[in-house]
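Novice: Okay, here's what each chain looks like letter by letter:
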Amino acid sequence: MLWALFLAHVAAVPAAAAAGRTSMRAGLFTAAAAPAAAAAWAAAELAGGGRTNTAELVWVGGLDVAIRLRADSLALMMTLLVAGVGALVMVYAAGYFGRNAAGATRFPATMLAFSTSMLGLVWADSVWTLFIFWEMTSVTSFLLVGHKHADASVRMAARRALVITAGGGLVLLAGLIVLAESAGSSALTAMEPVSGPAAATAGVLILIGAATKSAQVPFHVWLPGAMAAPTPVSAYLHSAAMVKAGILLIAVVGPALRGVAAWKWLGIAFGVASVVWGAVGALRHRDAKLILAWGTVSQLGLMVTLLSVGTAKAVLAALALLFSHALFKAALFLVVGEVDVRTGTRDIGDLGGLHRSMPTAFAVALLAGGSMVGLPPLLGFVAKETAIEAVLALAGAERAVVAAGVIGGSVLTVAYTVRLLHGVFGPGPPTPVGANRPLMAAPAAILGAAGVVGYAALSGVNRIVVPAAAELSEKADAYSLIQWPGLKTAFVVSVLIVGVGGVAGALWASRGVGRLPAPVGASAADGIVDKTLGFSPRLTALVQHGSLPVYLAVMGTVAVLAAAALASDFAGGHLIWWDHPLQAMLAAAVVIAALAAAFVGSRLGAALALGSVGFGVTGLFLVHGAPDLALTQLLVETVVVVGFVLGLGHLARRFPPVTGSWRSVRIMVAAAGGLAVTAALAAAGTNPTGKPPTLDLVAEAVAEGGGKNVVNVILTDLRALDTLGEVVVLATVAIGILALARVRTRPQAQTQES
Amino acid sequence: MSAALLFAVGGLTSVGIYLITARSLSQIILGFSLLGHATVLGLLVAGGAAGDAPIAGTAAVADMSNPLPQALALTAIVISFGLTLFLLALAVRQQHLTGDDQVEDDLEDQRIAQGQPAENLPEETTEEITQSIEGGIP
Chain A
1 MLWALFLAHV
11 AAVPAAAAAG
21 RTSMRAGLFT
31 AAAAPAAAAA
41 WAAAELAGGG
51 RTNTAELVWV
61 GGLDVAIRLR
71 ADSLALMMTL
81 LVAGVGALVM
91 VYAAGYFGRN
101 AAGATRFPAT
111 MLAFSTSMLG
121 LVWADSVWTL
131 FIFWEMTSVT
141 SFLLVGHKHA
151 DASVRMAARR
161 ALVITAGGGL
171 VLLAGLIVLA
181 ESAGSSALTA
191 MEPVSGPAAA
201 TAGVLILIGA
211 ATKSAQVPFH
221 VWLPGAMAAP
231 TPVSAYLHSA
241 AMVKAGILLI
251 AVVGPALRGV
261 AAWKWLGIAF
271 GVASVVWGAV
281 GALRHRDAKL
291 ILAWGTVSQL
301 GLMVTLLSVG
311 TAKAVLAALA
321 LLFSHALFKA
331 ALFLVVGEVD
341 VRTGTRDIGD
351 LGGLHRSMPT
361 AFAVALLAGG
371 SMVGLPPLLG
381 FVAKETAIEA
391 VLALAGAERA
401 VVAAGVIGGS
411 VLTVAYTVRL
421 LHGVFGPGPP
431 TPVGANRPLM
441 AAPAAILGAA
451 GVVGYAALSG
461 VNRIVVPAAA
471 ELSEKADAYS
481 LIQWPGLKTA
491 FVVSVLIVGV
501 GGVAGALWAS
511 RGVGRLPAPV
521 GASAADGIVD
531 KTLGFSPRLT
541 ALVQHGSLPV
551 YLAVMGTVAV
561 LAAAALASDF
571 AGGHLIWWDH
581 PLQAMLAAAV
591 VIAALAAAFV
601 GSRLGAALAL
611 GSVGFGVTGL
621 FLVHGAPDLA
631 LTQLLVETVV
641 VVGFVLGLGH
651 LARRFPPVTG
661 SWRSVRIMVA
671 AAGGLAVTAA
681 LAAAGTNPTG
691 KPPTLDLVAE
701 AVAEGGGKNV
711 VNVILTDLRA
721 LDTLGEVVVL
731 ATVAIGILAL
741 ARVRTRPQAQ
751 TQES
Chain B
1 MSAALLFAVG
11 GLTSVGIYLI
21 TARSLSQIIL
31 GFSLLGHATV
41 LGLLVAGGAA
51 GDAPIAGTAA
61 VADMSNPLPQ
71 ALALTAIVIS
81 FGLTLFLLAL
91 AVRQQHLTGD
101 DQVEDDLEDQ
111 RIAQGQPAEN
121 LPEETTEEIT
131 QSIEGGIP
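Sequence order for the protein chains is A and B.
If you're matching positions, the first sequence starts at 1 in my numbering and goes up one per residue.
If you're matching positions, the second sequence starts at 1 in my numbering and goes up one per residue.
Calculated from the structure, these hints are not laboratory results.
Mixed in with the good hints, there may be bad ones.
[Unchecked claim] Stretch by stretch, here's where chain A covers chain B in the computed footprint (C-beta under 8 Å, at least three residues):
{"hint": "1", "stretch": "5-12"}
{"hint": "2", "stretch": "47-61"}
[As the list claims (entries may be wrong)] Just so you have them, the derived chain A footprint on chain B, three or more residues with Cβ under 8 Å:
{"hint": "3", "stretch": "34-44"}
{"hint": "4", "stretch": "87-96"}
Glycine is no exception: its CB is placed at the ideal position from the N, C-alpha and C atoms.
Produce the entire structure from the sequences given, and follow the hints as far as they go.
Specialist: See the structure below:
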């Protein structure tokens with residue numbers, strides 16, 4: 001089933017592009033079908049008890065090169081979110097874009113390609129599979145963020161996102177390699193807990209990779225810039241999908257690294273910093289979409305913190321937050337996009353009074369915003385209650401740091417939510433609005449209502465979230481999400497958070513929106529991105545300078561270094577001076593003839609020297625006991641010398657003179673290369689691992705091949721297909737030479753005619 | 001393992017590398033040919049000591065040389081023969097087009113190295129290329 005769904009997605013990508021030729025709407029509806037099917041399947045599986053589906057495609061078994069997919073409870077929950085929100089957002093995009101929007105062949109297909117990569121990432125069960133899909137999401141999201149590529153600032157934002165997330169991807173790859181090596185397996189599920197310095201290294205590298213993707217401070221700088229994307233992209237990438245990839249990764253490798261202190265504390269540091277700084281950013285900005293983006297940084301920080309804490313209850317709370325955040329943040333983005341399209345602005349300083357003119361959007365925003373703040377009867381309330389309970393159950397310094405971050409961040413969350421809703425929908429002269437857009441309103445309403453429905457049918461949500469948490473922490477089974485906790489400490493804290501945050505938000509909002517905030521850190525990040533992009537052409541110019549001889553010299557030098565490592569295996573015991581005195585004489589003659597070919601000035605002389613080398617080698621074959629080789633070499637060498645002499649008639653008599661320092665470099669590289677090959681060959685040849693299989697080969701040649709000449713039998717019998725390929729090569733060469741030689745004669749004929 | 005053969009392999013490799021880093025295509029072909037010889041001899045010397053020809057019935061099996069590398073080497077000889085002749089035809093063709101058989105640096109790469117974007121082709125170069133193509137292919 002996994003393959004069927006995955007291949008349906010892959011096949012739908014070109015289909016969406018083709019449908020996009022008629023209109024953007026047709027393309028998007030085509031693209032929405034596959035994610036809708038995946039979401040429906042995930043919902044059915046979850047309703048049926050959440051059986052684990054697996055699928056694998058092994059390419060090289062011995063090297064563990066395979067695509068392994070596995071949909072367990074956690075993956076099913078993620079599938080429901082990624083594919084479900086994806087399908088809704090694609091429908092929404094059909095309303096967002098005009099009927100004849102530009103890029104209609106590009107956008108739906110890219111959106112679906114992103115959705116496909118995300119699904120693969122969610123299902124991946126080997127670190128390698130995960131990494132491939134991880135990189136695919138980076139590339140496709142780059143294309144989506146840069147959709148309006150005619151605008152230079154959009155291109156810059158897309159490049160910044162790509163450089164940061166792809167750079168993080170490289171760090172992640174290093175981390176995954178170290179993790180897979182120290183755990184002794186590349187399977188993500190059921191990975192053995194690891195410890196020691198290798199595990200700490202892996203943990204830190206993986207966390208950095210995840211932090212770039214999930215926009216954790218200080219790698220968050222790409223996320224606000226990515227708001228240059230069309231709003232459907234922001235709603236999808238920055239609520240349900242891409243930014244959740246890092247969270248999912250931290251969750252999935254968490255069980256293996258739970259004992260590693262560096263993993264835990266770096267995660268808490270990322271998380272707490274992001275919770276606070278993201279919320280502060282959301283309070284400073286006046287573009288509604290940017291407020292939501294900064295809010296996402298903060299919310300993701302909360303999830304990272306809880307997952308890093310790693311207790312069963314914290315893991316459950318993190319997943320509950322992940323679930324509710326995907327719903328309410330997508331809904332809020334969709335509402336802001338609708339406001340943007342219908343009023344022409346997203347600036348909360350210019351907006352106001354929309355509660356009258358856009359009542360549906362206002363209702364959705366209230367539901368989603370309430371869920372973000374953590375008000376009952378909404379799913380966000382349940383998630384936040386569980387999170388606060390999990391934090392209060394900790395002890396010592398951990399409790400102090402995490403509680404300060406989580407509670408402080410929550411207060412700020414309430415404040416920026418109040419400010420946002422007040423700014424867009426609150427009192428003031430109503431902003432004029434355009435026509436209704438039902439295709440935009442409906443998906444937002446579904447996602448907004450999901451928060452209430454989820455609260456009312458909490459047992460259903462429990463059936464999704466609790467088994468998913470149990471995949472990560474066995475004891476999570478003991479807990480469940482509760483509709484009404486009663487008057488416990490956590491509830492009191494919750495009430496205080498909403499009270500303090502609400503008042504603070506109202507005060508902050510009544511103060512007016514203020515000027516645009518000065519960017520903090522963004523310029524430094526842009527500097528790094530600029531330097532990276534500026535370094536790239538210089539590096540390219542350095543390594544790709546276009547000189548063939550220099551390329552070859554570099555390759556030769558690298559080969560020398562590789563061979564030098566082998567030289568230490570040399571064992572003198574098997575070395576003899578020669579098999580036969582004649583061999584020594586021929587070898588000396590061959591090398592002298594080769595030197596002559598290199599240093600004689602005339603082309604004819606060089607060709608004759610090359611012929612001498614060939615005939616010398618023929619002699620060496622005979623001495624070695626290889627008459628077939630000698631015979632072939634004799635024929636080949638004769639033809640080559642004839643070819644050279646014929647060809648040289650068209651070339652200048654003498655080689656161009658070579659001088660200068662480049663010649664000395666060539667001589668040095670050549671000498672080192674020869675020595676390295678000799679050393680490597682000597683090391684290999686003096687360490688025989690067994691006897692040559694001559695006895696078997698001779699017996700089988702006679703018995704099975706029916707021939708006495710063993711070399712011939714091998715070529716025509718054992719390696720018949722190779723020999724056929726060889727014949728094809730020769731025929732191709734003959735055709736090529738014929739073509740090259742024929743063209744030569746024509747211009748002369750032309751000049752004669754004219 | 002015969003030191004004489006090792007010496008031949010090393011010497012041929014050295015001279016071969018020296019020649020393939022040359023600018024003249026015909027020297028590169030010479031170098032390529034020498035590297036081919038070195039490879040074939042390398043295969044033989046790695047496969048065991050010299051002996052009698054591996055033809056059943058003509059000698060005791062214990063005295064025979066190893067036939068397996070010989071079968072591999074035979075293929076190598078033939079392929080490098082084909083490649084040598086093809087490169088030779090290319091050299092002759094280039095001589096005809098440009099008047100010499102020099103391997104020049106890649107123009108596009110040089111442009112990148114000088115920091116010029118690819119779309120800003122200098123007009124002269126474009127003309128030169130067009131001329132050389134028109135002169136060569138009727």
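Novice: Now tell me, hint by hint, if it's right for this structure.
Specialist: To see whether the hints hold, each was checked on the structure:
1. For the stretch 5-12 of chain B, the assignment as covered by chain A holds, since 8 residues bring a beta-carbon within under 8 Å of that chain's beta-carbons and 3 suffice.
2. As drawn, the stretch 47-61 of chain B meets chain A at 13 residues by the rule of a beta-carbon pair under 8 Å; at three or more, the given contact holds.
3. Coverage of the stretch 34-44 of chain B by chain A holds in this model, with 7 residues showing a Cβ closer than 8 Å to a Cβ of that chain against a need of three.
4. Check on the stretch 87-96 of chain B: 8 of its residues sit with their Cβ under 8 Å from a Cβ of chain A, so the three-residue criterion for coverage holds.
Hint check: no violations occur; every hint is consistent with the structure.
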